[in-house]
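Undergrad: Okay, here's what each chain looks like letter by letter:
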Amino acid sequence: MQPESQPIGTLGQGNLDGVSVGEHTQQFITFTLGNEEYGIDIMVVREIKGWTETTMIPNAPAHVRGVINLRGVIVPIFDLRARFGVGLTVPTSMHVVIIVAAGSRTVGLLVDTVSDIISVDPKAIRPVPEMGLPSEDQYLDGLVAIEERMVTLVSLAGLFGMATEAKRSFAPDMATTKAA
Amino acid sequence: MAKRILAVDDSKTMRDMVSFTLRKAGFDVAEAEDGKAALNVLGGGKFDLIITDLNMPNMDGISLIKNVRAGSSHRAVPILILTTESDGTKKADGKAAGATGWLVKPFSPDKLIELIQRVCP
Amino acid sequence: MMSESEAYPLEQFRKTYFEECAELLDVLQANLELLAAGAGGEETLHAIFRAVHSIKGGAGAFGFSSLVAFSHVLEGLLDAMREQKVDATPDVKQLLLRASDALADIVNAARSERVLPAEFASDILTGMEEVLAGASGATAPASAMSGLESANVAVQGERSYRIVFTPHTEMLQKANEPLLLFRQLRKLGGLTVDANTSRLPAFEALEPEAAYLGWTFVLETGAPESAIHEVFEFVEDDCDLSIVLLHEAAEAVSAATAASATEVAPTAVAAAEPSATVAPTPSQSIRVDVDKVDRLVNLVGELVITQAMLTEQGSLLPVDQYPAMIQGIEALAQSARELQESVMAIRAQPVKSVFARMPRVVRDLAATLGKEVKIVTSGEMTEIDKTVIEQLNDPLTHMIRNALDHGIESPDDRVAAGKPRQGTIHLSAAQRSGRIVIEVSDDGRGLNREKVLAKARDRGLVAAGVNPTEEEIDNLIFLPAFSTADVVSNISGRGVGMDVVKRNVQALGGRISVQSRFGAGSRFTMSLPLTLAVVDGMVVSVGKETFIVPLTAIIESLRPQPSDINPVVGRGDVLALRGEYLPLTYLHRSFAIGSAVTDPCQGIVIIVQSEGAGRIGVVVDELLGQQQVVVKSLEANYDAVDGISGATILGNGRVALILDVARVREIGEKSGVRTITPKEKTIEVREDMTHAA
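Protein chains in written order, with this note's numbering: chain A, 1 to 180; chain B, 181 to 301; chain C, 302 to 994.
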């Protein structure tokens with residue numbers, strides 16, 4: 001049996017108090033990968049659920065952790081840590097999957113924890129420093145400072161444009177390595 | 181209250197186009213795919229206007245009009261015929277059977293709405 | 302009022318239109334066949350007419366002018382036939398069949414937005430026009446659609462018209478409302494009205510539905526006289542009407558007298574006659590969006606999965622302690638199964654729609670080959686899932702072409718062999734034990750087994766010393782790269798052989814086989830599942846992973862002896878099976894799965910037909926059992942995965958992937974696990990030519 005999904009509203013209530021959700025603010029759900037905190041547009045988030053065992057997809061890139069049954073729909077799970085190139089997540093029941101709508105597709109993002117909902121004035125978003133990444137790796141939308149924390153905003157579009165690219169270019173190599 | 185219109189055509193394309201145009205213009209629309217189905221629908225409610233194709237299986241438009249005019253529940257309701265005939269004989273047949281007016285296919289949405297305003301108080 | 306925000310969904314209408322065209326073309330084709338066969342009465346002709354008429358009607362709406370033009374002439378011809386001005390002679394019937402084929406091509410061109418050459422089907426058009434012209438008294442089809450007759454308002458000064466309008470009783474009975482006419486007139490300019498009540502009888506003689514009033518209008522307008530006529534367009538035949546131009550506006554004398562009568566109460570009175578309604582007849586069918594049905598199918602699929610899980614859990618309960626619970630679970634299983642069958646039945650459609658396209662295939666090809674062939678169909682009303690029907694067309698077309706090209710002899714050869722000049726192809730469908738069986742048989746020359754076997758040995762498909770049965774020989778023709786034709790022909794299917802047909806059929810979860818008698822003909826038998834949404838699968842395990850192998854793809858499965866496995870240098874392992882050597886593909890290597898059984902003698906070898914290498918053995922750990930599974934799309938939220946055809950959800954809620962066994966070997970090769978390069982791959986793939994000349 002799968003753990004119950006958690007309604008988004010019960011998350012990180014603290015920060016919602018006293019924040020006026022005005023016309024000019026954008027809301028993000030923040031999550032952590034190790035010590036880093038990231039944010040993703042709340043509008044694309046469908047639900048948040050605990051990690052469950054996945055079914056592997058043969059010869060998929062490492063960050064594709066397999067597929068799960070989400071109420072009868074087959075949904076792929078992407079390991080964001082692996083996606084960001086900082087190693088594979090070793091998931092436990094404490095890990096969290098954020099189900100998002102990426103265009104017409106529904107996919108899950110495996111992260112460590114979900115921490116908060118933040119409201120951000122778009123004017124407060126600072127550009128990501130140039131890191132010399134190829135253009136298809138532009139999956140970070142910007143940086144924003146919240147109470148002395150630094151939150152990196154993730155672009156879903158950038159992420160999945162890249163996911164497809166990565167799979168095409170990496171898949172055969174990985175298969176060979178594993179098979180050898 | 182929005183006027184209720186029954187659109188009768190065996191072509192789903194035509195029904196879709198007519199219904200869409202009418203609904204967008206604020207009418208209530210019911211559909212039927214031939215004369216028999218139309219009589220059925222008419223038996224189940226009150227309509228302010230009937231728009232019908234002529235060539236249909238089971239019961240064609242002419243028979244439908246005759247039936248409606250012979251019955252009581254909708255005998256005074258305006259009936260518009262949709263026809264692709266341009267030679268006039270079908271129009272005349274429809275008219276003789278009791279049609280209120282006609283519209284030659286293909287027609288524009290505006291033309292349809294204008295026509296309805298002409299015949300439907 | 303038309304709102305600006307909501308766009309007119311023309312694309313969607315277009316889509317509906319072409320779906321409808323496909324249905325109409327099928328109806329047209331089927332009824333023309335009836336007509337051509339001399340069967341079918343008046344209603345057949347009416348149905349043909351209506352189909353063409355509907356195609357034309359929609360075409361006009363989308364501005365497909367060549368489609369309108371062609372269907373218009375065809376419609377004219379059909380109308381003349383309906384009115385018995387043109388007889389259904391064999392020539393006319395032939396012309397109609399060709400016209401119907403051309404119409405289908407024009408519809409297809411419109412759908413794919415291709416422009417056909419100007420001379421396309423011009424001979425047919427000319428033919429139809431000649432028949433029409435030759436028919437005495439037949440009215441030539443009106444040359445063009447009158448389209449939107451927009452009122453051309455010429456610029457002119459204000460003029461005054463006197464309009465005298467006296468409705469007949471019929472006008473009111475047709476629901477033409479005088480008041481609305483007045484409103485129309487008033488839109489044209491300044492209007493004064495004078496009511497003429499002279500015909501009004503005494504109250505007791507008043508007929509409530511009769512028309513007694515007449516009116517005289519004076520209209521001052523800049524619009525032309527035609528605009529006034531247009532107002533009365535619908536009522537001209539049901540009233541007395543005169544429109545007279547007054548020379549000067551000042552002559553509108555009667556204006557003063559009529560000033561008080563500008564509004565007139567509606568005169569149409571609906572009488573109450575409650576008993577005369579037409580008895581409602583129950584409708585026989587409803588049209589339902591396929592999406593809705595698919596949603597239903599999905600939900601029932603979920604229900605069945607949940608039920609399977611409950612059954613699994615229930616089997617762990619001690620029967621004596623939970624008798625009601627266990628009974629309930631059994632009852633649920635029964636209802637769920639029946640519900641699933643009923644829902645699947647909604648998607649079922651008669652195979653008629655595909656069968657109806659085959660006579661054309663026969664006609665076209667017979668003409669090209671100079672053969673005389675008739676096609677006889679039966680069981681057209683056998684129902685099968687809509688998704689299967691859609692994918693049945695290609696394999697069926699190919700089989701028919703094959704029978705015509707290679708099976709049926711030329712008329713002279715047939716006569717020489719003591720057969721009728723005209724060959725016959727039988728196409729039949731029937732439902733047998735939960736599957737649909739489609740047969741294509743011909744009374745042609747049949748398979749030449751000696752030649753087939755010689756070729757197979759030559760190609761190394763049959764080892765020396767092995768003597769296959771007659772049936773096995775016949776079925777060799779389905780092997781990839783098998784070809785006995787001495788020349789490559791492009792008739793049977795653009796360079797594809799029966800192996801492609803077999804693959805198409807297998808992709809549908811089906812099987813195909815052939816039976817033949819030399820000199821007497823061949824019969825191809827296809828057996829298909831009734832739906833694609835549910836698959837009979839073998840659940841297999843590889844390491845910790847579970848996969849589903851469609852049962853239809855499995856030839857056999859076995860646990861080999863160590864002596865059966867032979868490594869071939871540089872080509873991997875082969876399995877010796879009854880004198881044949883089959884290459885082995887290790888699923889755990891192809892899919893990079895750890896901690897799996899690596900020795901085939903400890904696991905299981907499943908023999909399947911692969912895409913490019915004939916029969917192969919696929920090595921898995923264990924067979925876990927057979928199960929019906931509901932097929933789910935992997936591609937909805939992910940990409941296509943090579944070697945995987947879909948996914949399903951098992952009783953425990955976990956996802957299991959469904960193997961595309963025909964492809965697993967190619968993955969092995971891509972992953973660098975080279976085994977055998979099948980030598981067949983280097984042979985030029987030729988046209989199937991299973992029938993020896």
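Hints listed in this document are in silico derivations from the structure and should not be mistaken for laboratory results. Glycine included, every Cβ here is placed at the ideal spot set by N, Cα and C. One or more of the hints may lead you astray.
Selected chain C positions facing chain B (Cβ under 10 Å, derived; list incomplete) [stated by the list, open to error]:
#1 Arg315
#2 Thr317
#3 Phe819
Straight-line distance between alpha carbons at most 20 Å, and here's what the computed EDC-like set of lysine to aspartate or glutamate pairs gives [stated by the list, open to error]:
#4 C:Lys653 x B:Asp240
#5 B:Lys270 x C:Asp538
#6 C:Lys687 x C:Glu631
#7 C:Lys394 x C:Glu320
#8 C:Lys845 x A:Glu37
#9 B:Lys270 x C:Glu537
#10 B:Lys270 x C:Asp595
#11 A:Lys123 x A:Asp41
#12 B:Lys192 x C:Glu531
#13 C:Lys687 x C:Asp837
#14 B:Lys246 x C:Glu471
#15 B:Lys291 x C:Glu343
#16 C:Lys593 x B:Asp290
#17 B:Lys270 x C:Glu471
#18 C:Lys316 x B:Asp196
#19 B:Lys246 x C:Asp538
#20 C:Lys593 x C:Glu343
#21 B:Lys192 x C:Glu471
#22 B:Lys192 x C:Glu526
#23 A:Lys123 x A:Asp112
#24 B:Lys270 x C:Glu534
#25 B:Lys192 x C:Asp327
#26 C:Lys488 x C:Glu526
#27 C:Lys488 x B:Asp196
#28 C:Lys386 x C:Glu343
Undergrad: A separate judgement is required for each hint: does it hold in the structure or not?
TA: Here is what the structure says about each hint:
1. Evaluation of the Arg315 of chain C hint against chain B yields a held restraint, the C-beta minimum of about 8 Å falling below 10 Å.
2. Hint status for Thr317 of chain C relative to chain B: holds, with the closest Cβ pair at about 5 Å, below 10 Å.
3. A least Cβ separation of about 49 Å between Phe819 of chain C and chain B goes past the 10 Å threshold, and the interface hint is therefore violated.
4. About 26 Å separates the Cα atoms of Lys653 of chain C and Asp240 of chain B, which puts this hinted pair outside 20 Å; it is violated.
5. Between Lys270 of chain B and Asp538 of chain C the alpha-carbon distance is near 14 Å, which keeps this suggested pair within the 20 Å criterion.
6. Among the hinted pairs, Lys687 of chain C with Glu631 of chain C is inconsistent with the structure: their alpha-carbon atoms are about 31 Å apart, more than 20 Å.
7. Our distance criterion of 20 Å between C-alpha atoms is broken by Lys394 of chain C and Glu320 of chain C, whose separation comes to about 26 Å.
8. For a cut-off of 20 Å, the pair hint linking Lys845 of chain C to Glu37 of chain A is broken: about 34 Å separates their Cα positions.
9. Restraint check for Lys270 of chain B and Glu537 of chain C: satisfied, since their Cα atoms lie roughly 16 Å apart, inside the 20 Å limit.
10. In summary, the hint linking Lys270 of chain B to Asp595 of chain C is not supported, as the alpha carbons are separated by about 42 Å, beyond the 20 Å threshold.
11. Simply put, Lys123 of chain A and Asp41 of chain A have alpha-carbon atoms about 16 Å apart, close enough for the 20 Å limit, and the pair holds.
12. A threshold of 20 Å between alpha carbons decides the hint, and for Lys192 of chain B with Glu531 of chain C the separation of about 30 Å lies outside it, so the pair is violated.
13. As the CA atoms of Lys687 of chain C and Asp837 of chain C are separated by approximately 19 Å, the hinted pair is consistent with the 20 Å bound.
14. Our distance criterion of 20 Å between C-alpha atoms is met by Lys246 of chain B and Glu471 of chain C, whose separation comes to about 13 Å.
15. The hinted pair formed by Lys291 of chain B and Glu343 of chain C fails the criterion: a straight-line CA distance of about 36 Å is larger than 20 Å.
16. Distance check on the hinted pair: Lys593 of chain C and Asp290 of chain B sit about 32 Å apart at the alpha-carbon level, beyond 20 Å; violated.
17. As the CA atoms of Lys270 of chain B and Glu471 of chain C are separated by approximately 18 Å, the hinted pair is consistent with the 20 Å bound.
18. Proposed proximity of Lys316 of chain C and Asp196 of chain B is supported: the alpha carbons are some 11 Å apart, at most 20 Å.
19. A threshold of 20 Å between alpha carbons decides the hint, and for Lys246 of chain B with Asp538 of chain C the separation of about 18 Å falls inside it, so the pair holds.
20. Proposed proximity of Lys593 of chain C and Glu343 of chain C is contradicted: the alpha carbons are some 37 Å apart, above 20 Å.
21. Only pairs whose Cα atoms come within 20 Å are accepted, and Lys192 of chain B paired with Glu471 of chain C is rejected, the gap being roughly 33 Å.
22. A distance of roughly 38 Å separates the Cα atoms of Lys192 of chain B and Glu526 of chain C; the hinted pair therefore is violated under the 20 Å criterion.
23. Using a Cα cut-off of 20 Å, the hinted pair Lys123 of chain A and Asp112 of chain A is violated, with the two alpha carbons roughly 29 Å apart.
24. With a CA separation close to 15 Å, the supplied pair Lys270 of chain B and Glu534 of chain C stays within the 20 Å bound.
25. Under the criterion of a C-alpha separation no larger than 20 Å, the hint pairing Lys192 of chain B with Asp327 of chain C is consistent with the structure, at around 16 Å.
26. A distance of roughly 14 Å separates the Cα atoms of Lys488 of chain C and Glu526 of chain C; the hinted pair therefore holds under the 20 Å criterion.
27. About 31 Å separates the Cα atoms of Lys488 of chain C and Asp196 of chain B, which puts this hinted pair outside 20 Å; it is violated.
28. For the suggested pair Lys386 of chain C and Glu343 of chain C, the alpha carbons sit about 14 Å apart, so the restraint of at most 20 Å is met.
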